[in-house]
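Heads up: the sequence shown begins at 2 in the numbering used here, then just goes up one per residue.
Possibly wrong hints are sitting among the right ones.
[What the hints assert, rightly or not] Simulated restraints on C-beta separations:
| # | residue 1 | residue 2 | range |
| --- | --- | --- | --- |
| 1 | K91 | T7 | 27 to 33 Å |
| 2 | K13 | P156 | 16 to 22 Å |
| 3 | Q177 | T17 | 38 to 44 Å |
| 4 | K173 | T124 | 34 to 40 Å |
It should be emphasised that the hints constitute simulated quantities derived from the structure, not laboratory data.
None of the values given here were measured: they were computed from a predicted structure.
Virtual Cβ for every residue (Gly too), placed ideally from N, Cα, C.
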Amino acid sequence: MDSSSTKQHWEKIYQTKDTVREVSWYQDIPKTSTDLILSIGVDKNASIIDIGGGDSKLVDKLLELGFKNISVLDISAKALQKAKTRLGEKAESVAWIEADILEFGTESRFDIWHDRAAFHFLTKEEDIVRYVEIAGKFIKPSGYLIISTFSMSGPKKCSGLDVTQYSEDSIKKTFQRDFSHIRSFEEIHTTPFNTKKTFYLIYLKEKEI
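Turn these sequences into a full structure, and let the hints guide you.
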(Lines of atoms letter the chains of each structure in order from A and count residues from 1; the text may use other names and numbers.)
(Lines give C-alpha, C1' and ligand atoms only; values in the text may rest on other atoms or scores of the structure.)
Protein backbone atom coordinates (compact mmCIF):
# COMPACT_ATOMS: atom_id res chain seq x y z
CA MET A 1 0.00 0.00 0.00
CA ASP A 2 1.46 3.35 -1.03
CA SER A 3 1.46 6.48 1.15
CA SER A 4 -1.68 7.93 -0.44
CA SER A 5 -3.66 4.70 0.02
CA THR A 6 -2.41 4.34 3.58
CA LYS A 7 -3.54 7.87 4.39
CA GLN A 8 -6.98 7.23 2.89
CA HIS A 9 -7.30 4.05 4.95
CA TRP A 10 -6.55 5.80 8.25
CA GLU A 11 -8.65 8.86 7.46
CA LYS A 12 -11.60 6.50 6.92
CA ILE A 13 -10.89 4.68 10.21
CA TYR A 14 -10.89 7.92 12.21
CA GLN A 15 -13.85 9.33 10.28
CA THR A 16 -16.12 6.33 10.84
CA LYS A 17 -15.09 4.86 14.19
CA ASP A 18 -15.38 6.05 17.76
CA THR A 19 -11.75 5.81 18.87
CA VAL A 20 -12.80 5.28 22.48
CA ARG A 21 -15.02 2.26 21.84
CA GLU A 22 -14.39 0.87 18.37
CA VAL A 23 -10.64 0.60 17.84
CA SER A 24 -8.60 -2.17 19.41
CA TRP A 25 -5.55 -0.12 20.36
CA TYR A 26 -7.36 2.42 22.54
CA GLN A 27 -6.07 2.98 26.09
CA ASP A 28 -7.79 5.33 28.50
CA ILE A 29 -4.63 5.42 30.60
CA PRO A 30 -1.33 4.82 28.72
CA LYS A 31 0.40 3.57 31.86
CA THR A 32 3.22 1.48 30.40
CA SER A 33 4.34 4.17 27.94
CA THR A 34 4.18 6.83 30.65
CA ASP A 35 6.14 4.69 33.10
CA LEU A 36 8.88 3.97 30.55
CA ILE A 37 9.22 7.65 29.65
CA LEU A 38 9.41 8.64 33.31
CA SER A 39 11.97 5.90 34.01
CA ILE A 40 14.43 7.62 31.66
CA GLY A 41 14.65 10.53 34.08
CA VAL A 42 14.77 13.36 31.54
CA ASP A 43 13.68 16.84 32.61
CA LYS A 44 10.36 18.38 31.61
CA ASN A 45 11.95 20.30 28.73
CA ALA A 46 12.99 17.07 26.99
CA SER A 47 11.81 16.77 23.40
CA ILE A 48 9.42 13.84 22.98
CA ILE A 49 7.75 12.64 19.78
CA ASP A 50 4.87 10.14 19.65
CA ILE A 51 4.91 8.38 16.27
CA GLY A 52 1.45 7.40 15.06
CA GLY A 53 0.12 9.15 18.15
CA GLY A 54 -3.14 10.14 16.47
CA ASP A 55 -5.90 10.31 19.05
CA SER A 56 -3.84 8.61 21.77
CA LYS A 57 -4.09 9.99 25.29
CA LEU A 58 -0.34 9.79 25.86
CA VAL A 59 -0.02 13.47 24.95
CA ASP A 60 -2.67 14.32 27.57
CA LYS A 61 -0.74 12.48 30.24
CA LEU A 62 2.60 14.03 29.30
CA LEU A 63 1.11 17.52 29.42
CA GLU A 64 -0.45 16.69 32.79
CA LEU A 65 2.98 15.66 34.06
CA GLY A 66 4.45 18.98 32.96
CA PHE A 67 6.38 18.04 29.81
CA LYS A 68 6.73 21.10 27.61
CA ASN A 69 8.23 19.94 24.32
CA ILE A 70 5.89 17.34 22.82
CA SER A 71 5.32 16.45 19.17
CA VAL A 72 2.65 14.09 17.84
CA LEU A 73 3.00 12.63 14.34
CA ASP A 74 0.24 10.84 12.47
CA ILE A 75 -0.64 10.24 8.83
CA SER A 76 -4.29 11.03 9.57
CA ALA A 77 -5.38 14.66 9.81
CA LYS A 78 -8.67 13.49 11.32
CA ALA A 79 -6.87 11.67 14.13
CA LEU A 80 -4.81 14.73 14.99
CA GLN A 81 -7.89 16.95 14.89
CA LYS A 82 -9.69 14.67 17.36
CA ALA A 83 -6.78 14.99 19.77
CA LYS A 84 -6.64 18.77 19.34
CA THR A 85 -10.37 19.07 19.98
CA ARG A 86 -10.10 16.94 23.11
CA LEU A 87 -7.22 18.99 24.50
CA GLY A 88 -8.73 22.39 23.73
CA GLU A 89 -6.36 25.26 24.55
CA LYS A 90 -3.69 22.80 25.73
CA ALA A 91 -3.30 21.67 22.11
CA GLU A 92 -1.56 24.94 21.30
CA SER A 93 1.51 23.83 23.25
CA VAL A 94 1.94 20.65 21.16
CA ALA A 95 3.62 20.34 17.73
CA TRP A 96 1.18 18.44 15.49
CA ILE A 97 2.77 16.76 12.46
CA GLU A 98 0.62 15.31 9.67
CA ALA A 99 3.01 12.98 7.83
CA ASP A 100 3.80 9.45 6.73
CA ILE A 101 6.65 8.37 8.99
CA LEU A 102 8.58 7.03 5.98
CA GLU A 103 8.55 10.54 4.47
CA PHE A 104 9.19 12.42 7.70
CA GLY A 105 11.82 15.15 7.78
CA THR A 106 12.54 17.83 10.35
CA GLU A 107 15.21 20.14 11.71
CA SER A 108 14.33 18.94 15.22
CA ARG A 109 16.04 16.19 17.18
CA PHE A 110 14.33 14.23 19.93
CA ASP A 111 15.35 12.97 23.36
CA ILE A 112 12.61 10.32 23.32
CA TRP A 113 11.00 8.64 20.30
CA HIS A 114 7.87 6.70 21.25
CA ASP A 115 5.92 4.45 18.88
CA ARG A 116 3.05 2.21 19.90
CA ALA A 117 1.14 2.54 16.63
CA ALA A 118 3.12 2.74 13.40
CA PHE A 119 6.13 0.41 13.31
CA HIS A 120 4.28 -2.93 13.18
CA PHE A 121 2.36 -1.85 10.05
CA LEU A 122 5.62 -1.86 8.07
CA THR A 123 5.78 -5.23 6.30
CA LYS A 124 8.33 -4.58 3.55
CA GLU A 125 11.99 -4.99 4.47
CA GLU A 126 12.94 -1.74 2.74
CA ASP A 127 10.31 0.17 4.73
CA ILE A 128 11.51 -1.30 8.02
CA VAL A 129 15.11 -0.35 7.15
CA ARG A 130 13.95 3.15 6.21
CA TYR A 131 12.14 3.54 9.55
CA VAL A 132 15.25 2.55 11.50
CA GLU A 133 17.31 5.05 9.49
CA ILE A 134 14.81 7.85 10.15
CA ALA A 135 14.69 7.11 13.88
CA GLY A 136 18.48 7.01 14.04
CA LYS A 137 18.71 10.34 12.23
CA PHE A 138 16.22 12.30 14.32
CA ILE A 139 16.90 10.92 17.81
CA LYS A 140 19.61 12.86 19.64
CA PRO A 141 22.91 11.16 20.47
CA SER A 142 22.20 9.11 23.62
CA GLY A 143 18.47 9.63 23.06
CA TYR A 144 15.90 6.89 23.67
CA LEU A 145 13.61 4.78 21.50
CA ILE A 146 10.51 3.07 22.88
CA ILE A 147 8.77 0.72 20.44
CA SER A 148 5.64 -1.31 21.14
CA THR A 149 4.84 -3.81 18.41
CA PHE A 150 2.94 -7.06 17.99
CA SER A 151 4.64 -10.13 19.43
CA MET A 152 4.76 -13.55 17.77
CA SER A 153 1.64 -14.50 19.73
CA GLY A 154 -0.14 -11.29 18.76
CA PRO A 155 -2.48 -10.69 15.80
CA LYS A 156 -1.35 -10.95 12.17
CA LYS A 157 -3.69 -8.16 11.11
CA CYS A 158 -4.89 -4.92 12.68
CA SER A 159 -7.54 -2.53 11.36
CA GLY A 160 -7.73 -4.55 8.15
CA LEU A 161 -3.99 -4.33 7.43
CA ASP A 162 -1.21 -6.91 7.62
CA VAL A 163 1.31 -6.38 10.40
CA THR A 164 4.78 -7.68 11.20
CA GLN A 165 5.17 -9.73 14.38
CA TYR A 166 8.40 -9.65 16.36
CA SER A 167 10.26 -11.88 18.79
CA GLU A 168 12.81 -10.58 21.26
CA ASP A 169 15.64 -11.64 18.95
CA SER A 170 14.15 -10.18 15.78
CA ILE A 171 13.29 -6.80 17.29
CA LYS A 172 16.76 -6.49 18.84
CA LYS A 173 18.37 -7.41 15.52
CA THR A 174 16.28 -4.84 13.66
CA PHE A 175 17.66 -1.96 15.72
CA GLN A 176 21.07 -3.30 16.75
CA ARG A 177 23.18 -1.16 14.40
CA ASP A 178 22.22 2.22 15.84
CA PHE A 179 20.75 1.38 19.25
CA SER A 180 21.75 -0.43 22.43
CA HIS A 181 19.16 -2.65 24.08
CA ILE A 182 18.09 -1.70 27.60
CA ARG A 183 14.94 -3.67 28.30
CA SER A 184 12.22 -5.64 26.52
CA PHE A 185 9.09 -7.46 27.65
CA GLU A 186 5.69 -8.71 26.52
CA GLU A 187 2.48 -7.02 27.57
CA ILE A 188 -1.13 -8.12 27.10
CA HIS A 189 -3.43 -5.28 26.05
CA THR A 190 -7.15 -5.62 26.75
CA THR A 191 -9.13 -3.96 23.97
CA PRO A 192 -12.29 -1.85 24.55
CA PHE A 193 -14.33 -4.89 23.45
CA ASN A 194 -12.58 -7.13 25.99
CA THR A 195 -10.33 -9.15 23.70
CA LYS A 196 -6.60 -9.62 24.31
CA LYS A 197 -3.67 -8.60 22.12
CA THR A 198 -0.06 -9.34 22.95
CA PHE A 199 2.48 -6.60 22.36
CA TYR A 200 6.25 -6.72 22.60
CA LEU A 201 7.90 -3.62 24.01
CA ILE A 202 11.54 -2.73 23.54
CA TYR A 203 13.38 0.16 25.12
CA LEU A 204 16.66 1.23 23.53
CA LYS A 205 19.27 3.97 23.67
CA GLU A 206 20.99 5.52 20.66
CA LYS A 207 24.63 4.56 20.44
CA GLU A 208 27.12 7.38 20.76
CA ILE A 209 29.45 7.63 17.80
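Verification of the supplied hints:
{"no.": "1", "hint": "K91 x T7: 27 to 33 Å", "result": "holds (29 Å)"}
{"no.": "2", "hint": "K13 x P156: 16 to 22 Å", "result": "holds (20 Å)"}
{"no.": "3", "hint": "Q177 x T17: 38 to 44 Å", "result": "holds (40 Å)"}
{"no.": "4", "hint": "K173 x T124: 34 to 40 Å", "result": "violated (19 Å)"}
Hint 4 from the earlier list is the only one contradicted by this structure; the remaining hints agree with it.
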